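Q: Respectively, the protein sequence lines represent chains A and B. Numbering follows this note's numbering, with no gaps: position 95 of the first sequence is 95. Numbering follows this note's numbering, with no gaps: position 145 of the second sequence is 145.
These are computed hints drawn from the structure, not numbers from a lab. Since we're looking at a predicted model, the values are computed, not measured. Just so it is clear, CB atoms sit at the ideal spot from N, CA and C, and this is done for glycine as well. A few of these clues could be false.
Unchecked claim - Taking lysine-lysine and the DSS-like style, the derived pairs with C-alpha atoms no more than 27 Å apart in a straight line are:
(1) B:K145 / A:K128
(2) B:K145 / B:K169
(3) B:K32 / B:K103
(4) A:K128 / B:K169
(5) B:K306 / B:K56
(6) B:K170 / B:K348
(7) B:K277 / A:K128
(8) B:K69 / B:K93
(9) B:K230 / B:K311
(10) B:K76 / B:K348
(11) A:K128 / B:K330
(12) A:K128 / B:K71
(13) B:K306 / B:K341
(14) B:K341 / B:K145
(15) B:K338 / A:K128
(16) B:K307 / B:K338
(17) B:K103 / A:K128
(18) B:K213 / A:K128
(19) B:K299 / B:K204
(20) B:K399 / B:K368
(21) B:K103 / B:K125
(22) B:K300 / B:K277
(23) B:K300 / B:K280
(24) B:K32 / B:K169
Said to hold, decoys possible - These stretches of chain B come out as covered by chain A in the derived footprint (C-beta under 8 Å, 3 or more residues):
(25) 47 to 53
(26) 105 to 119
(27) 209 to 223
(28) 229 to 237
(29) 362 to 376
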Amino acid sequence: MDIFIIGILLGGAYTLMAMGLQLQYGVARIMNLANGEMLVAGSFAAFWFFTSAQFSPIFSILVVAPLAFAVNWLIYKIFMRYLVNRAKSEGQLEVDSILSTFGQSFILVGLMLAVFGGEYFSYSYLEKPFEILGQPYEQSRIVAFLFSVVLCSCLYFWLNRTRMGLAFRAVSVNPEAAGLSGINVPRASALAFALGGAVTASGGALLSMFLTFDASVGVIFTMKALVIVIMGGARDIRGTIIVAFVLGLSETAVASLIDPGLTLAAAYLLFILTLLFRPEGLFGRRSS
Amino acid sequence: MEILKYKNLVIAGVASIAMMASVSAVSAETIKIGASAPKTGPLAGGSTVTFWPNVKLWVEQVNARGGIKLKSGKAKVELIEYDDRTTPGEAIKNIQRLATQDKVDFILAPYGTGFNLATAPIFAKYNYPLITHTAITDKVIPLTKRYSNIFFTLGSTTTFSVSVVNILKKMRAAGTIGNRVAMVNVADAFGIEMANAARPIFKKEGFDIVYDKSYPLGSPDLSPVIRGAKAAKPDAFVAWSYPPDTFGLTAQAKVQGLNVKAYYTAVATAFPSFGGKFGKSAEGILGAGGINPDTEAMKKYFAAHKKVTGKTPDYWASGMVYATFQILEKSIEGVGSKDRKAVIDYIKNTTFNTVMGPITFKNQNNEKYWTVGQWQGGKFYGVSSTGRPGQKPVKPKPKW
Numbered sequence: 001m002d003i004f005i006i007g008i009l010l011g012g013a014y015t016l017m018a019m020g021l022q023l024q025y026g027v028a029r030i031m032n033l034a035n036g037e038m039l040v041a042g043s044f045a046a047f048w049f050f051t052s053a054q055f056s057p058i059f060s061i062l063v064v065a066p067l068a069f070a071v072n073w074l075i076y077k078i079f080m081r082y083l084v085n086r087a088k089s090e091g092q093l094e095v096d097s098i099l100s101t102f103g104q105s106f107i108l109v110g111l112m113l114a115v116f117g118g119e120y121f122s123y124s125y126l127e128k129p130f131e132i133l134g135q136p137y138e139q140s141r142i143v144a145f146l147f148s149v150v151l152c153s154c155l156y157f158w159l160n161r162t163r164m165g166l167a168f169r170a171v172s173v174n175p176e177a178a179g180l181s182g183i184n185v186p187r188a189s190a191l192a193f194a195l196g197g198a199v200t201a202s203g204g205a206l207l208s209m210f211l212t213f214d215a216s217v218g219v220i221f222t223m224k225a226l227v228i229v230i231m232g233g234a235r236d237i238r239g240t241i242i243v244a245f246v247l248g249l250s251e252t253a254v255a256s257l258i259d260p261g262l263t264l265a266a267a268y269l270l271f272i273l274t275l276l277f278r279p280e281g282l283f284g285r286r287s288s
Numbered sequence: 001m002e003i004l005k006y007k008n009l010v011i012a013g014v015a016s017i018a019m020m021a022s023v024s025a026v027s028a029e030t031i032k033i034g035a036s037a038p039k040t041g042p043l044a045g046g047s048t049v050t051f052w053p054n055v056k057l058w059v060e061q062v063n064a065r066g067g068i069k070l071k072s073g074k075a076k077v078e079l080i081e082y083d084d085r086t087t088p089g090e091a092i093k094n095i096q097r098l099a100t101q102d103k104v105d106f107i108l109a110p111y112g113t114g115f116n117l118a119t120a121p122i123f124a125k126y127n128y129p130l131i132t133h134t135a136i137t138d139k140v141i142p143l144t145k146r147y148s149n150i151f152f153t154l155g156s157t158t159t160f161s162v163s164v165v166n167i168l169k170k171m172r173a174a175g176t177i178g179n180r181v182a183m184v185n186v187a188d189a190f191g192i193e194m195a196n197a198a199r200p201i202f203k204k205e206g207f208d209i210v211y212d213k214s215y216p217l218g219s220p221d222l223s224p225v226i227r228g229a230k231a232a233k234p235d236a237f238v239a240w241s242y243p244p245d246t247f248g249l250t251a252q253a254k255v256q257g258l259n260v261k262a263y264y265t266a267v268a269t270a271f272p273s274f275g276g277k278f279g280k281s282a283e284g285i286l287g288a289g290g291i292n293p294d295t296e297a298m299k300k301y302f303a304a305h306k307k308v309t310g311k312t313p314d315y316w317a318s319g320m321v322y323a324t325f326q327i328l329e330k331s332i333e334g335v336g337s338k339d340r341k342a343v344i345d346y347i348k349n350t351t352f353n354t355v356m357g358p359i360t361f362k363n364q365n366n367e368k369y370w371t372v373g374q375w376q377g378g379k380f381y382g383v384s385s386t387g388r389p390g391q392k393p394v395k396p397k398p399k400w
């Protein structure tokens, strides 16, 4: 039971890392390699709010999310739109967006280095035990988990129950057909990209409560998010959520029952197995 | 993921261009000093606390004094700095470049054990003194035999693990703790080497290692590690850890109430941000390093560091980094010229008064250094050394 709870708490953290990338890649078709940097930017914002004004990282999301939404909207409008317009195929857009976001990640790392410096950042907020069934768990992790549950359910219902969400899913399945049936594809893509950025930065703000970070750590988050999104099948948000929890649970089980040294090995073993036996991902469809 | 590797390369490229542009031209005689250390990558978090602020502080102080005194008059320091992106290959290229293209007069030692060892052949080839400040290795004797230009200051791996065992032995003799030790390490060269060195010594001294596990660098959740250690009911907890996990383990130990009388985490325990984050909970935590922060020289150094860089130095290697710069400066002044060979000989045969106290090299090795420190009353005091005065007695760690 203890392993199960630690595992789903970690899974919650993983959904926060991967959810934004899923929106950006799944709907807007931008393979965003600057995803981790956006996350770290959220962490820095939360750190700054907390240390300079004792402002809770949870409430800092109220500022971080809209700001990240605006910034990512601009990034899409300034950097991405031309790539989308000139891309003849989905594959070309993927390659172009990888190169472009790759460049953006340097800019973001450089900016954060210049503003905050290169050292490690860590602060204590809700670093207190909360007992579930007699075992202590970090309050900050529980808060992050609850937030990720709320976020996932909101996104899920929004995508499945609203007109806008339907448009998103249509774009995700087939942008051309979606355009033909009257959906404003560029607008939906820009929104999805901006929304993804906002989700990622908010995740960063929450994760900063218990992860030590520095300006150049983003690539680690990008890698994790990529693995999760690809394993889940890029087109479906359910895949991302499930895989995040599966990874969290299996890493914790391996760490507790076998050896903490093997967690990474376990995660990448699952990744390789997925690529071998279900290369389209958990919820992906086989391309014909 | 080839692309991700490539990414660091571009960062460094941009960074080095920017840095070269910022080197200003000075008219009078100057001494060109080169520096290469991480500004990005995994070790940047350490070097931006321990190394770079000291470079800035030292250059500023020397130039405020009018420069380094040579026979031909005072020469101001002109600094050329590069980012090695925490990549040994890049570090080697940087040093090569500093020696052959920038033709600097002296090069400051790189940051971290691996980087000093990786670049030592280049330093030797062009006969630059390499006064290491952040290198801990058991290979001091073979290395100093092979390279007549290398100097070690911070200590050896085995001494660091032996000191921890000795501290625990003392606490056991005083009846504070029992025999049960939980030991964990980060699965990285440093952690593995330390754990391998400590394991037989613990056993030889009659300690019972009740939990002995490693975890990968960058683990997002260390609670299973602390859970496992706690379940083994240890009297002492020892972690050969790196900065992110030093923070992560301690946060978990606090949350889960791992109450041991002796709690040790290795690198970054001496960082001011560690004391800043954990505040009163840091009290009694043992860690690698330590200094005597109450000496006059140290107090002056802390104040100047804070004033010039806006940051507090760490309670371990920061002072040693600065001390090696002092040694270099004194040696150049002692020789009175930029003659590198003479400077190397001067370093070998002189006792230097540094911020860390007097330093003498015996077979190119400083044998007196701090090994274990402890947070006591908001400062990280050295509690064990190989012959430095002013160490404090160890206190049992209070409950979280």
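Q: Now tell me if each hint is right for this structure.
A: Results of checking the hints against the structure:
1. B:K145 / A:K128: Measuring from Cα to Cα gives roughly 52 Å; hence the hint is violated.
2. B:K145 / B:K169: Violated, at roughly 34 Å.
3. B:K32 / B:K103: Roughly 8 Å separates the two Cα atoms, so the pair holds.
4. A:K128 / B:K169: Given that 27 Å is the threshold and the Cα spacing comes to 32 Å, the pair is violated.
5. B:K306 / B:K56: Distance of about 12 Å is within 27 Å: holds.
6. B:K170 / B:K348: violated, 36 Å
7. B:K277 / A:K128: holds, 13 Å
8. B:K69 / B:K93: It is violated: about 31 Å lies between the C-alpha atoms, which goes past 27 Å.
9. B:K230 / B:K311: This hinted pair is violated, its Cα atoms lying about 36 Å apart.
10. B:K76 / B:K348: holds, 25 Å
11. A:K128 / B:K330: It is violated: about 50 Å lies between the C-alpha atoms, which goes past 27 Å.
12. A:K128 / B:K71: violated, 62 Å
13. B:K306 / B:K341: Given pair K306 (chain B), K341 (chain B) is violated - Cα atoms ~35 Å apart, limit 27 Å.
14. B:K341 / B:K145: OK: K341 (chain B) and K145 (chain B) at ~17 Å, within 27 Å.
15. B:K338 / A:K128: violated, 57 Å
16. B:K307 / B:K338: violated, 30 Å
17. B:K103 / A:K128: violated, 55 Å
18. B:K213 / A:K128: holds, 25 Å
19. B:K299 / B:K204: violated, 40 Å
20. B:K399 / B:K368: violated, 33 Å
21. B:K103 / B:K125: With Cα atoms ~14 Å apart, K103 (chain B) and K125 (chain B) stay inside 27 Å; holds.
22. B:K300 / B:K277: It holds: about 25 Å lies between the C-alpha atoms, which stays within 27 Å.
23. B:K300 / B:K280: holds, 25 Å
24. B:K32 / B:K169: violated, 49 Å
25. 47 to 53: holds (count 4)
26. 105 to 119: That given contact is violated, which follows from only 0 residues of the region 105 to 119 of chain B lying within Cβ reach (below 8 Å) of chain A.
27. 209 to 223: holds (count 10)
28. 229 to 237: violated (count 0)
29. 362 to 376: violated (count 0)
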